[in-house]
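Undergrad: Take a look at the letters that make up each chain.
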Amino acid sequence: MSTPSRSEATGDDPVYDLAADCTIEDVEEGACYRATVNGVVEYGVFVDLSASVSGLVHESNLDGSYDVGDELTVRLVDVRENGDLGFESIDAADRETVQIDHEPDITATDDLAERIGESITVEGELVQIKQTGGPTVFTLRDGVGIVPCAAFEAAGVRAYPGFELGDIVRVTGRVERREGALQLEVESLDAVDESDEIRERLDSALEEQATPHDVQPLVDWSALETMQDDLEAVATRLRRAVLENRPIRIRHHADGDGMCASIPVTLALERFIEEVHGDPSAARHLLKRLPSKAPYYEMEDVTRDLNFALGDRERHGQQLPLLVMLDNGSTEEDVPAYEALAQYDIPIVAVDHHHPDPDAVDGLLAEHVNPYLHGEDYRVTTGMLCVELARMIHPEITDELTHVPAVAGLTDRSEADAMTDYLALAREAGYDEDDLQAIGDALDYAAHWLRYSAGESLLTDVLGVDAADDSRHDDLVEFFAERAARDTDEQLDAAMPHVESATLDNGADLYRIDVERHAHRFTYPAPGKTTGAIHDRKVADSDGPVVTVGYGPDFAVLRSDGVRLDIPQMVEELEAETDGGVSGGGHLVVGSIKFVKGMREAVLDALETKMGAAEIDEELGSASVAGFED
Amino acid sequence: MSTPSRSEATGDDPVYDLAADCTIEDVEEGACYRATVNGVVEYGVFVDLSASVSGLVHESNLDGSYDVGDELTVRLVDVRENGDLGFESIDAADRETVQIDHEPDITATDDLAERIGESITVEGELVQIKQTGGPTVFTLRDGVGIVPCAAFEAAGVRAYPGFELGDIVRVTGRVERREGALQLEVESLDAVDESDEIRERLDSALEEQATPHDVQPLVDWSALETMQDDLEAVATRLRRAVLENRPIRIRHHADGDGMCASIPVTLALERFIEEVHGDPSAARHLLKRLPSKAPYYEMEDVTRDLNFALGDRERHGQQLPLLVMLDNGSTEEDVPAYEALAQYDIPIVAVDHHHPDPDAVDGLLAEHVNPYLHGEDYRVTTGMLCVELARMIHPEITDELTHVPAVAGLTDRSEADAMTDYLALAREAGYDEDDLQAIGDALDYAAHWLRYSAGESLLTDVLGVDAADDSRHDDLVEFFAERAARDTDEQLDAAMPHVESATLDNGADLYRIDVERHAHRFTYPAPGKTTGAIHDRKVADSDGPVVTVGYGPDFAVLRSDGVRLDIPQMVEELEAETDGGVSGGGHLVVGSIKFVKGMREAVLDALETKMGAAEIDEELGSASVAGFED
Amino acid sequence: MSTPSRSEATGDDPVYDLAADCTIEDVEEGACYRATVNGVVEYGVFVDLSASVSGLVHESNLDGSYDVGDELTVRLVDVRENGDLGFESIDAADRETVQIDHEPDITATDDLAERIGESITVEGELVQIKQTGGPTVFTLRDGVGIVPCAAFEAAGVRAYPGFELGDIVRVTGRVERREGALQLEVESLDAVDESDEIRERLDSALEEQATPHDVQPLVDWSALETMQDDLEAVATRLRRAVLENRPIRIRHHADGDGMCASIPVTLALERFIEEVHGDPSAARHLLKRLPSKAPYYEMEDVTRDLNFALGDRERHGQQLPLLVMLDNGSTEEDVPAYEALAQYDIPIVAVDHHHPDPDAVDGLLAEHVNPYLHGEDYRVTTGMLCVELARMIHPEITDELTHVPAVAGLTDRSEADAMTDYLALAREAGYDEDDLQAIGDALDYAAHWLRYSAGESLLTDVLGVDAADDSRHDDLVEFFAERAARDTDEQLDAAMPHVESATLDNGADLYRIDVERHAHRFTYPAPGKTTGAIHDRKVADSDGPVVTVGYGPDFAVLRSDGVRLDIPQMVEELEAETDGGVSGGGHLVVGSIKFVKGMREAVLDALETKMGAAEIDEELGSASVAGFED
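For the protein sequence lines, the chains are A, B and C, in the order given. Quick note on UniProt numbering: the first sequence kicks off at 1 and runs consecutively. Quick note on UniProt numbering: the second sequence kicks off at 1 and runs consecutively. Quick note on UniProt numbering: the third sequence kicks off at 1 and runs consecutively.
All the given hints hold, so there is nothing to weed out.
A pair holds if it fits inside one copy or across any two, identical chains being indistinguishable in the list.
Straight-line C-alpha distance at most 25 Å; calculated SDA-like pairs for lysine to any residue:
#1 LYS538 <-> LYS597
#2 LYS597 <-> GLY552
#3 LYS597 <-> LYS610
#4 LYS538 <-> ALA502
#5 LYS597 <-> ARG486
#6 LYS538 <-> GLU575
#7 LYS597 <-> ARG537
#8 LYS594 <-> ARG483
#9 LYS293 <-> ARG517
#10 LYS288 <-> ASP301
#11 LYS594 <-> GLU482
#12 LYS538 <-> ASP579
#13 LYS610 <-> ASP493
#14 LYS130 <-> SER119
None of these hints come from the bench; they were simulated from the model.
So here's chain A without its partners, still in its complex pose (with noise of 0.2 Å):
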């Protein structure tokens, strides 16, 4: 505790006897103090409060004769402008006496490259405690930075047990660098007593380092503004949990706006992470991206998700997690996953253009950015999103990204008025539409065979991002956008001639074929994409209202043009009609429904007389389809 300030050093004040390594930063003029005398002279005595605080108790100040050792109580009267202390004795009947502690300098952890081999001392909350088989390793956080604190009791053993995570302590150790990193070799880690002071202090700074970058959006486009509110809410969420040490994890769909939006953010992430920790490897243990493969948050994936949160937790002393949903999360179907993560507390942002529940999942998400939640809809595409979000997170990530939107919302069939200004920024990048198409393709390509891996440096590559080599983006992209062609081609060879069709009670032409049957398994284009370049064949052969059903044992895919279908109505009732375990979800053009494979044809007649009945309706188009095809 440092000596209280003169307001309150009135009346009965306590004397202050201080510690022997107590500064002047530890006296506050008025206030009084226990001093020893150490010199005599004609015209007073020099008087000593600590080591190194001294002065001068001048005659006219002093009651009595005094010689050298003798102890008295002085009030500090007197601080020059030069440093020379005056004090007055006074009588220290009836007071009380108070022990101070040496209040030590607090070192800002940004000024620790300039004090190695020094012992210094920080002040900050615990953000992380690990045991290791050696040291007890605290990571504090201070108003600027991060720095690990290695705490020695016996190897193996917990130092200091008694703190945990979020504490205030102040730590005084020597500066050291291990493995080129800096840290505290920890001589002590007491609590502060003004904690919640400091925590404020730390919140503030907090608040104010997390406070995104101020960025125009890329493009003039009123659907950006109307979310650059909530953009920035995300944008501070991450940059908070960087600022905090606390790792995040990325669940995103896995196709190619899914990529074009996960990738930025990542990417900014990654930059954030090595400007705060200072340690290009740190964002190796703070950040994971992992595309999902169904288009929600599945049970087996939260469960794993936990189950290494936890992990980490107990091995690495690290924080839960925040998690990011991107192109995924807006809907009920991921309501189960985010209630297991509710059960730790752990706080759940998503950032999504399909057509959200947010009923259902608002009460579990921290933040919700869904274009459909203000009145715009799928073709303000995630990746769109995303690259503004990105560009908060790290403003100088921009010049990469200015043709990601543009792939964003190719790969999605986006017709947002926008699309022209993303394709003429794009242009001014280098690329030109069909460009862009292809590294849209060669992105999905890429991603179907990478399955679960979430393929950083090859992505990254394809997407043309964080400074590739030209020549060689140019090459790859297209060599697996051309794969990407043949592939399709080779299934739609076999596929084509087993199309069946009929006319549907609406006048509308139905398309059916069996993807399991008739189309190769366990390759490229998966049933779900096929079906969908099935339908794109059939609609440009085609004037009137077209729809398309791709189905396998326990499944079924479904694409309209000009018929209004309404999925999600049509899935309920078809559970109820048929009994046959349907679920699914969509919109009204585009959507997949799964059921039990012995009601197939059950279900598959029963969907047939729907879309007969369905309301015609030229203008729909299954746009963005992408996202529901796998």
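Fit chains B and C to the known structure of chain A by using the hints.
TA: For chains B and C alone, kept in the frame of chain A given last:
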């Protein structure tokens, strides 16, 4: 070698020539030594036997006269209380001269912490020899602990290549702290002459330390008492493995009882390892728990286990592991896997409560605990047994485990009389029967989604052991149990309308369902458990005997209440009659069979005939079915 | 830069001003230098050119008089045998002054062990640049070895950012031992003027070191002789990769011959890596062996390989790898994968004995060894070739491998004349034909259960190389071989009753079996091998030509004895006739085809017609079928 004791030093004793570093520890009253005069005084000469061993030859004991530097032979005749030595000069003629090396003080490995920076000597058995890119690390076990000893020959070059695992050695080196753990920086590593003696001493120390704690069973139950000795033998093996630095690999049934068995044993071993090795990370290298998807030890699993073990031996110089089978391992189906391990003399212990084939497995098992071997049955669940086993390994764990046997019993539907006591015990720990059932359901649900992952942290939280946060545990269990119930309801909603019924020849009700066609696939509950849930509903609605068959393309799951099936017998007959590639197993009332797809109808028809010919026995219930459902 | 040689030092030579640390190595007779007088004697003045370079200007060679400290210009006229230098003073007017830096002694990387603690200089090419959380580690290769050089700029900050992979540099630093391996603590890292010269020297040193050992083939066989040069070219590539610190990734066929090929090459490379890097753990970072499930390089595999390679480059600064295809890689089906690697200029070498498509692959392969390219055929198995290859890489391995070609021959049913010699060689090593066949069966069985895992240690023990414990090896082989036989019998017991027979139009016996319906799935043997075993039994029972077709929902495996099938041709025709999505490949007597499920009947019917129209050729046997069974 030390100087022989006095009793042997008579007649023509040898003359010992002490090495320069010998100390007073190396001499023995009555023995003869080569000495050098280092001082001549009035009353005799002072002689040196080594740098630190000196004394007086009184003139009364001295033949002839000597100058400084002269050599003579002396006998040690007097060791005074103050440490002064008195000699007499003797005639060395015809005496053999024996070189004596300094016999160093042996430091116990648990005293190293106080000797940091000193050069000391330890003695014991080499239990691991790991070649790193730098030094060779010899791990030495003495009677009380384990210490790594780093010997540097050249980068990556094996030091002391003459030594191998199991050798008894003496290592002299400096005690250093490395990554916080203690190790010796080897100065010398030598064979020990008295290795048999030391090995005997180590063995008896090991035996003593390996002896499990003498714990009173949690409940007073004769079934446990009869198996107490068997469990102690397993506990001894496990403790011994830890003390010998031998890795332990646990394979267990991936169901509720398997979790209730394996998690307590894993926790107890983790704590015992930490106690022995003083290193919280040691358990990561020495202990691995793995769920088995099949209800036996598959060839695929054992091939991988073996390959990992051989790899760890090669890369880390580890011993081959001890394999522990829990809630699995008693049956003939485990034999091929056991035989694979036998090729490498890997010992196996099994604790199981499934119907055993002792003739098939006992020759391959080092220990085999199974209630059937003592006239008991499946009602003594593996979880009940393993809680006792865990307590024998590390009794301090008891308080965390008192509710676990009740969970194990409920999840395996044990109708043991002791369930009353177990439930009472759980009640004392704050769990009523619904809570325990919910924990079982939650374990099962979480294990389903974790698939091949052990799910350490998550399942430990679900089971509510290892100091889990109570409120979190409760919420988590409730959440998972509810999800399990909801998913089961959804599955049955799809399936129940497609259950076909018939009456068997013996009058029992037969229910059949194609779970591949009329249940959702790749979800919870899986086909076996789905069949079980259907059966339970049918039994609840019926008075008479009920048999349920859930079948897929190449498998069927059987459940009976009131019909005595003898499934192993049926399998044998079905294969003989149909050539359908029929295999499988089970009990009287529960089992599963496999066959080739093309013979399904023939096999199922024949099965139905056999079930119709089976004896009705209203007493028989399909309890403990959990183990066979997957 | 060093002082130019004398031949250039005529007329208006420049005056060299030596840096203080220059040594006698930096001066050249006849060249001119700036000097300082440090002593005046009767017969002349002593001058300093640098701290350590001094000499006499004899009065006879001296113009004018000088005091200590005076500067003058001198020419070095005399270097005596004893090292004394003689100078003449000259007129410096109009001469250009050139600064000369000290040209340090260059230490060879294989001399570092004797220089620990000293500051030395090495020169060579940067072959890896890894940014750690601490220093930047530059790995330097000179003509004789490789050394890591750690340069610290700031924690995690790239030191010497101007340098990149492939640059020729000079590094001065202290030799340190870190984790036991040697490294330089960088004091300076500079570009080298004579980099072309050095690169040339490095290249020729590399070329020399990369040259494989000149080994005599194990048996006297013209087939091996014709391929000797090709194999040497591959050996050179592999040794060169090790010397250049380039990672090597081996993809091989996951059958017996593939194991006999890849295990010896892997072992030889491991030992060569250890020799070059002096670090037994280096092979873990530089060498990876991976089985391929398909008989060609699948797009899924290459996508992962590529992503790993890019990740290792990014994270560890590694070069992109050299890809090695063994017992795979010669066919058109490998082209897409090869093209993917070509995007990154990753070199590929293939050693295969399957029928090659040189037109398709040769443009993509750096080296291609295949007996068909030399008028030989599959009877020269890849295992036979790779044993020679392994010996070229590291001849000391020979004794461990003498039985391997015979195993390879038996497992691939090679009828080569050289088999007699190979069997004799194996007999000398203690293996009779039954033993070798058992090893082949055991390899196949173990590989089946290991699936995607390389199974290093286990398969090395089965194959009996790398100093395996002999008794263990024998028992292990016997055990696995017996299990393989037993499992095959069980599979055939189920399958044989369901084999249908017919007579083809050409009179050959046709056997058909639905292996999906009438064989166990997910067990050993898999469908292809099951079909082969059935075929073998049928051939044994028959005199005439026999064709066997094992089919599943979307595939068929073909085997013929006595009918010339030309399977690639059939595949092309089947696809043209049926639109069944037919693809596949094979030889005259063995092959496999895929089709879409729904066209199975049409494809199989057409296939039967074609087989009935094929030519009978009693000489044709379905040997070497192993490679196509999976």
